[in-house]
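Novice: Sequence:
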Amino acid sequence: MNVRWPTDRYYIKKICEENNQNIEAQATYKFSKYGLRYILAVIQMQKMKLPFQWIWYEEWKRNLSQYDTIIVFYSLLNTNIINYIHKKNPSARIILYFWDSITSTTFTVPENKRQICELWSYDKSNCKTYNLRYNSQFYLPSMLSSAEEKYDISIVIRDKGRYKQVKEMYDKFSKMGLKIFARVVRDKTSKEQDGKLYGNGMEYSELLQIINESKCIVELVKEGQEGLTLRSMESIFYQKKLITNNVKIKEEPFYCENNIMIWNNQDPNQIREFLESDYKKIDERIVMQYSFIGWLENFKK
1 MNVRWPTDRY YIKKICEENN QNIEAQATYK FSKYGLRYIL AVIQMQKMKL
51 PFQWIWYEEW KRNLSQYDTI IVFYSLLNTN IINYIHKKNP SARIILYFWD
101 SITSTTFTVP ENKRQICELW SYDKSNCKTY NLRYNSQFYL PSMLSSAEEK
151 YDISIVIRDK GRYKQVKEMY DKFSKMGLKI FARVVRDKTS KEQDGKLYGN
201 GMEYSELLQI INESKCIVEL VKEGQEGLTL RSMESIFYQK KLITNNVKIK
251 EEPFYCENNI MIWNNQDPNQ IREFLESDYK KIDERIVMQY SFIGWLENFK
301 K
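First residue of the sequence shown? That's 1 in my numbering, and the numbers climb one at a time after it.
Simulated from the structure, these hints should not be mistaken for lab results.
Using 30 Å as the maximum straight-line C-alpha spacing, the simulated DSS-like pairs for lysine-lysine come out as follows:
| no. | residue 1 | residue 2 |
| --- | --- | --- |
| 1 | K61 | K88 |
| 2 | K160 | K128 |
| 3 | K128 | K222 |
Quick list of simulated restraints, FRET-style, between CB atoms:
| no. | residue 1 | residue 2 | range |
| --- | --- | --- | --- |
| 4 | D171 | E59 | 51 to 59 Å |
| 5 | T129 | E284 | 31 to 39 Å |
| 6 | K87 | K150 | 51 to 59 Å |
| 7 | Q115 | K150 | 47 to 55 Å |
Please read these numbers as outputs of a predicted model, since none were measured by experiment.
Ideal placement from N, C-alpha and C gives every residue a C-beta, glycine not left out.
Build the full structure now, drawing on both the sequences and the hints.
Specialist: In structure tokens, the structure reads:
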């Protein structure tokens, strides 16, 4: 399968080369070269429905006829390129993939787009609501060296109105005498003026180091969200226990109650028993379903 991947996840290129996959990965636009003012220019062009937006597309636009499958990650900037791709290569299979949760206010794909492309999402509830096809989240693991376990539980999360919930969990774990790393990154939903758990954002490499030094990580999804987050992926790829409020995770093939606790404000004895039990290793074939290559294979089914 020839697959076109217009995104800036350059790590994917390396994976494709290592797996001898006939796949290319590129950014959609030239923004990385020219900066914010060019992003704003394209947004303005789209609002005014001006022609020649293609001049900002990356070099992939020159070779569209070579590809039989083209995967585009959804964003407000990316919906307009679907028509361009279809015009240049009408026989190509075009997949528009939603890798973030969507609502009625953020779902802006016109119905006529369904005639020229397939709409897929990582969130099963979104698939039901908006008539999309499902393909799970995928993960690009890093090589982590062995590290001393510093934390029983780590919680790193953007606020999104969840500070109170994090604080309640933190207080409970603290009373149990557990070693905790907790950081809530402020955003426009943040209301707590003196929240002691607030902190600055961090590089993903720093977050991975914290995860590597933790026995268990916490995932808190928004109400109604069913899609897997990075915390879920990190838990299975790095063999960390997971505490999550996503009840739908029970439907995933990697679910194991020994490794995953569905949060329901459990009593301290249940939490301690969960943490003290050993992690049960997941079959490698199941884990690889959530790799990039496994994710690609799902589009063939």
